Amino acid sequence: MKAYFIDYTGTMVKEDEPYTRELLGYFLSHSDLRTPKEALSVVWEKIKEVEAESYGD
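This note's numbering puts the first residue of the sequence shown at 1, with every later residue one more than the last.
In short, the hints are calculated from the structure, not lab data.
Please note: incorrect hints may appear among the correct ones.
To be verified - Using C-beta positions, here's what the derived DEER-type ranges look like: (1) S54 x Y19: 25 to 35 Å; (2) L23 x S54: 41 to 51 Å; (3) G25 x K2: 38 to 48 Å; (4) K2 x S31: 22 to 32 Å; (5) E38 x E17: 29 to 39 Å.
It should be emphasised that the depicted structure is a prediction, and the values quoted were computed from it without experimental measurement.
Built from N, CA and C at the ideal position, the CB exists for glycine as well.
Can you build the whole structure from these sequences, using the hints too?
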């Protein structure tokens, strides 16, 4: 086998679970972010940053 593909970003959390909403609320209340959309943007920015840094390892 030459490569493995792992789809980890699509299965991180279920979007509408009570714990997900609770975690998001906590995250927003302890940051300068005000909306779930802003939080999602920050998370995806960080994921892409980490992916770019680890590419080729």
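### Message
Could you work out which of the previously given hints the structure breaks and list their numbers from low to high?
### Response
2, 4 and 5
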